[in-house]
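**Student:** Protein chains in written order, with the numbering used here: chain A, 85 to 365; chain B, 85 to 365.
These aren't lab readings, by the way, just hints derived from the structure by calculation.
Hints may contain errors.
No distinction is drawn between identical chains; accordingly, a pair holds when it is met within one copy or between any pair of copies.
With a cut-off of at most 27 Å between alpha-carbon atoms, the simulated BS3-like pairs for lysine-lysine come out as follows [stated by the list, open to error]:
hint, residue 1, residue 2
1, K362, K222
2, K362, K337
3, K286, K222
4, K362, K286
5, K222, K337
Note that the structure is predicted; figures quoted are calculated from it, not measured.
Number of protein chains: 2
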Amino acid sequence: MTITIIGLGLIGGSLALSLRQHGLARRLLGVEQSPAHARRALELGLVDALETDLPAAVRQADLIVVAVPMDALLTVLPAVLDTLTPPQVVIDVGSTKAALLAAVAGHPRRGRFVAVHPMAGTEHSGPDAAVAGLFEGKTAVICDTAASDADAVQLVERLLRSLAMRLIYLDAAAHDLHTAYVSHISHISSFALALTVLEKEKEEQRIFDLASGGFESTVRLAKSAPATWVPIFRQNRLNVLDVLDEHLHQLHKLRALLAGEDYEGLAGQIQAANHISKILP
Amino acid sequence: MTITIIGLGLIGGSLALSLRQHGLARRLLGVEQSPAHARRALELGLVDALETDLPAAVRQADLIVVAVPMDALLTVLPAVLDTLTPPQVVIDVGSTKAALLAAVAGHPRRGRFVAVHPMAGTEHSGPDAAVAGLFEGKTAVICDTAASDADAVQLVERLLRSLAMRLIYLDAAAHDLHTAYVSHISHISSFALALTVLEKEKEEQRIFDLASGGFESTVRLAKSAPATWVPIFRQNRLNVLDVLDEHLHQLHKLRALLAGEDYEGLAGQIQAANHISKILP
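So here's chain A without its partners, still in its complex pose (with noise of 0.2 Å):
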């Protein structure tokens, strides 16, 4: 099979070696916009060669896979899609998928079009970011097969079962709603996280002398590429208010506590908070 990889940054690039390292793809090409990652893509192998004409790109392709950041995918794919003729295939990468999915509900080759979300990602961008293995054992998520051709479902589903992913099926408005409780918030609560440390320790030898694991880890989203997600952001725009909304109510409720010093109380919300050890072992 020869799959064209529409954006060779951290999904994209992760996926082409992912897909190179499972024997999947006999040809593998790419398309990037900036020369920069193109030339370093190519170099790290990521890809066989690149195209700049996107409908040769696509024309070459049985699989067509468009990685590109959300903004920048509600155009790329009606083009791809303008372009490709059945049996061939596209699926996105994207974090968001209503307005995606609005998008092209119309056109005449939405059936080649499969919706997926690949939950797996790090703070890193580009191709230097791509890594082999990135999304063994993780989530895709596919959203809206009824849309797709059963046998573009079927041929991606595959795929993903290939990578070693777990497959679960949402309509894009449950994809949107639960990806903004479990992953979007805690990208915000990492970003104002490292805003408020520059912001009150100015003395940055301080930050990197005392931070331990535990402030790592929190603030490690906070490295991610505002590319990536002001889009995400702006397509979730409503999900990601409401539950920023909650997660300010529950700042404020152990602010409340603290200030109060109702120790009981606080107690009893970190016990609560502890149950998501059940969740996530």
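Fit chain B to the supplied structure of chain A, relying on the hints for placement.
**Tutor:** Quick look at chain B alone, frame taken from chain A:
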């Protein structure tokens, strides 16, 4: 050297393992209030023997380590100082310092006490959480050395360096301020994040299904025990409230940018947060 460790939890137990691994203790004695933890500590070989009588445990040791929660520390440390005689030395391993140092400020044997905060830990607690190597390459803060006898400080410095720890020196007030910024707020944030997700996501299976590495790392600290953290927040209350207010301010700022659809402003804030990767590469 015979070392008595009072409190055989995560920190005390890990210290026992590390001291033995580095050949720093000829004999390790333990004092542990919980019968279950005491039994487990012996089974795990954390210490050679247990003592139930505190004065007897202190009497046999060259060095006494008090590794109990911060609230218990306020009574156990003075009790140890009441019992020991020079050249015996006692250290704590607590996460806050001002209240503790005030509690022993007038003690006739204050000089035998060295205040130590090893900036290392995990979200787990109890003797089963003990791991050798927990402290390797981590920072140990030593506080208010001028109030300790020079020979006591030297002994402790030698010991911590033997565990491959980096030493830094702060007065108690500065220690409590900086750890509020760099450590305590991370825990508050993580507890609130867990409470947020548990409140919004009623389907626990969804949390398990969708939890990515990013979510797991930000919510990991929320598994930490209230018995450890409530006394820390209590003793560092004013600093924690101060940094928590800044954190709330940063979250409200991000919320306002997203609510007002100011995506350039949001990108600017994320870029500012990204600066943390220059400090913690």
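**Student:** I'd like to know which numbered hints this structure contradicts. Please list them from smallest to largest.
**Tutor:** The structure conflicts with hint 5 only, although it agrees with all the remaining ones.
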